[in-house]
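Novice: Take the sequences, apply the hints, and build the full model.
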Amino acid sequence: MRIAAPAALLPDKASETPAAVATVTTLPGHTLEVVSDSGEGAQRCAQIFGTVSAKMGNGIWTVEIIPAEIQPPPRHPTSASGNRVRIGTGAVTNWGDAADLIVAFNEQALLQRFRLGALADDAIILIEDMWATHADPQIRNAWDDAMEELGGRSFRFINVPMEEQCLTIVDNARLGKNMFALGLLTCIYGRDLDLVRDAIAQGFLKKAKSALQTNLDLFELGHRWAEQHIDFRIAVPAVKPDRAMVAMNGNQAIALGSIAAGMELCAMYPITPATSASHYLSDVFEKFGGIVHQAEDEIAAIGVALGSSFAGKVAFTITSGPGLALKTEFIALAIMTETPLVLVDVQRGGPSTGLPTKVEQSDLLAALYGQPGDAPHVVMAPATMEECFLCMTTARRIAEALRTVVIVLSDANLASGVQRFPRPEPSEHWLAQPLDLAPVRDGLRPYDWDPQRGVSPRIVPGQPGGMFTATGLSHDEASHVGYTPDVHERGCQMRSRKLALFQQMLEPPAVNGDPTGDLLVVGWGSTLGAIEEAVERARQEGLSVSSLHLRFLSPLEPGLKEIFQRFGKVMTIEINYSDDPTDPFFTSENRRRGQLCWLLRAHTLVDVDCWTRVPGEPLRPGQILQAIRESMPQGGSR
Amino acid sequence: MSDLCCSLLSSTPDSEEREWTISDYEAALARWCPGCGDHAILAAVQRMLEAEQLPPEQTVFVSGIGCASRFPHYVRAYGFHGIHGRALPIATGVKLRRPDLNVFVVMGDGDCCSIGAAHWIHSIRYNLDMVALMLDNGVYGLTKNQTSPTSPRGLPSNTQPRGAILPPLNPISATLGVANASFVAQTADWLPAHVFATLREAFRHHGFAFVRVLQRCPKYTENIFSTLVHDPGLVELMVHPDGVVVPELDRMFKNKVQHDPADLDAARRLAVSDGNVRLGVFYRNETHPVYEETRAVPARSAGEKLALLNTELDRYAV
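In order, the protein sequence lines correspond to chains G and S. Heads up: the first sequence runs through residues 1 to 638, numbered per the working numbering. Heads up: the second sequence runs through residues 1001 to 1318, numbered per the working numbering.
Be a bit skeptical, because a hint or two may be false.
If you want the footprint, here are the derived chain G segments under chain S, 3+ residues with CB under 8 Å [as the list claims (entries may be wrong)]:
# : segment
1 : 71–84
2 : 251–262
3 : 461–474
In short, the hints are calculated from the structure, not lab data. Keep in mind the model is a prediction, meaning the values are calculated, not measured. Cβ atoms here follow ideal geometry from the backbone N, Cα and C, with glycine treated the same way.
Specialist: What follows is the structure in structure tokens.
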């Protein structure tokens, strides 16, 4: 049965005559989305828009909206594919709350975003309207149902005949609408036309000239159509930064960071959302004397990296949750043999296969404690794309200095989101030292531990006089197998002391906001920007709240207990599961808490609370603000 | 000894002229059971290292877990005693980035054919220039008598007390079935001269050399090779100038088959036992690409890396 949409909900019929004067609204920031079926190129459209905006001097943050399949059934809510782009006059540190404007290639993709609460109440919706009058009655019905569901809000609909327009240039509009949409956005947001044309051309370097021309024509067509039919413009002023900037996603940053760190081997097995880092590395690594080895499985991947590190190179392996699980035994072997190794875990939703393409921070405890036996090692978490780049050098250095494993916890939000940040200035000092195969000094043993600090010099194959057999069995300084209590306890002590040594070298974390107050919010990883934005807004409301963001999770940064004691309440904000404390089923005894919360409680003996969610998308600052409001301790100042 | 080593090797001319003797390859006293075939294999390996004059510091033995995998501890060279089934990935990592090193992998039948089977198959494909020894005693020994993939059908064990349920896997046939198979041989611990000659051919082969060594376990599988040991008539030697040549065995083994190791089809036929156990080189082919050579990339100086990195960063400039 067809339900007639109430008259008020009917989309505006865009005027056929050119908009006489378009109203320009100037804003400090704006959030837009482009969504389509998979394969229709919404992502490409949004990526170009983001890059061009960054080039013009805007801060940007992009988030992929991505189904787990390559080409799922069309016109289905779960098939929505695209991007969110948030642009700002200043730096943009997270994806924001809701989209102010959305370009949807069909109403089902739009519906999905609506159902996920991704649209602002007054969002502007530019929608392909061919479905309203489609020959297939089922499609017309679906359109009507969607309009019904979308009713009752203050959305402003603008129907855009994308298909009809694109067909004037191409036979298959499915492959051209994205460029048309890019034209619309370029006009609405006043993007630099030449920069957009250049960016389009970048995608056609290896393709036929005619294909590029067709895409450029579609883009111009969209731009012209918007000029004639859309009566508003959005200006987000750009400020040219005073220093060179780059824009990239976290996986590209990790790949480039591994090069800057002087690593020469990445051993991996394909897994979402980590793989794109190795795609990029596979493209460029050999120029730098490095190689990507695609192993037969996750276990072999870390084994090859370990072998390479044993032979004197610091190698890394990159994976996601399920791969981390498979690599467990090798992680412990690297720790036991004190072989430097860097493992990057780009976290996704779990457990098991979970949410392959979506963000979560639930591998923390597995990364820390996943190895049976006592296996002390370093765990760190970059919070931004820039830190994804920088952390690889830090990780390699720590791995070598401590002869241990460093696990870097990134996540799907960092991996696929693009952010603008100051161009790194790599230095020769960041690179790994060339292999030194000098003879081993007389009497030096492979585990001549400094009894106080637990560190020992690294000997690599090829060094005369240094021959030893590394072993996962309990061993003494000479790497001779020993099962006696003194040998085993000494080994455990030495491997642990390295962590204490490293902890002493760390600075206490900085508190964002006042050093004392009613509430301290603690986060880690990709939530930094959203948390700080929420805290800023809460402070503007008069709430006494500060935040703290941890980069090192093992060992934990120093001074936490002292900092925590300066606040009435401490609460972690995380993208992992915890039981809802307002549900009467849970008590303080049976409630399962967030992973960082668990860790901090054990570490500081402070009654740390948590607010965590697992929505399969980044946290929104507005959501965190609400949690902060509701979590203010009793009697807190307003 | 190590003092002498260091002082000699610290000056280049001496190190090149250094002559290694068998004692240079001896390390900790082996802790295998008396009568274990691994002792003889270790001795043959050490003889081969001496014969080939491999500098201990340029040689790496990688193993997994199991009786056979204690091997690196007993050879004076660099070693990596890893985890069960995963010797091959570690060795791959070593050879891939340090092709200058001589890499030997020592696995047991559980290591290679069971828990590490994926790595076995794929290492044959990678075809790195290394030697992989599979010491096959047909049983899990270190964990005390469980059925292995190469246990003969019917052999009782602690996990299959009424006899091994499945027919055994044929490691030679399996290896010969994988793309890029490069060198496939079989020898037996009770014929040290044959082990030595086979290992030497394996080492000299350019590519991934897979050698299955039939190995007696006096504790759990004493009987599975006893008829072979006592009746040379059940053993057929594969002979060919390109194979293993051991003149001193000629008198003992009347059973011989002329087999050209270049003939893959014949190798596959001979690998399938028809009652006889065949020793020697089944297959040898040096035309397959060697992985560490295919993947070799020119090293870059720090300055070059930095310049290239800056160019790469420029691609992301906004």
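Novice: Taking a Cβ-Cβ distance under 8 Å as contact, does the segment 251–262 of chain G have three or more residues in contact with chain S?
Specialist: Satisfied; 5 residues make the cut.
Novice: Just to make sure I understand the rule, a stretch counts as covered if three or more of its residues have a C-beta closer than 8 Å to a C-beta of the chain. Does the segment 461–474 of chain G meet that for chain S?
Specialist: With 13 residues in contact (Cβ-Cβ under 8 Å with chain S), the coverage given for the segment 461–474 of chain G holds.
Novice: The segment 71–84 of chain G covered by chain S? Criterion: 3 or more residues, Cβ-Cβ distance below 8 Å.
Specialist: violated (count 0)
In summary, the one numbered hint that this structure violates is 1.
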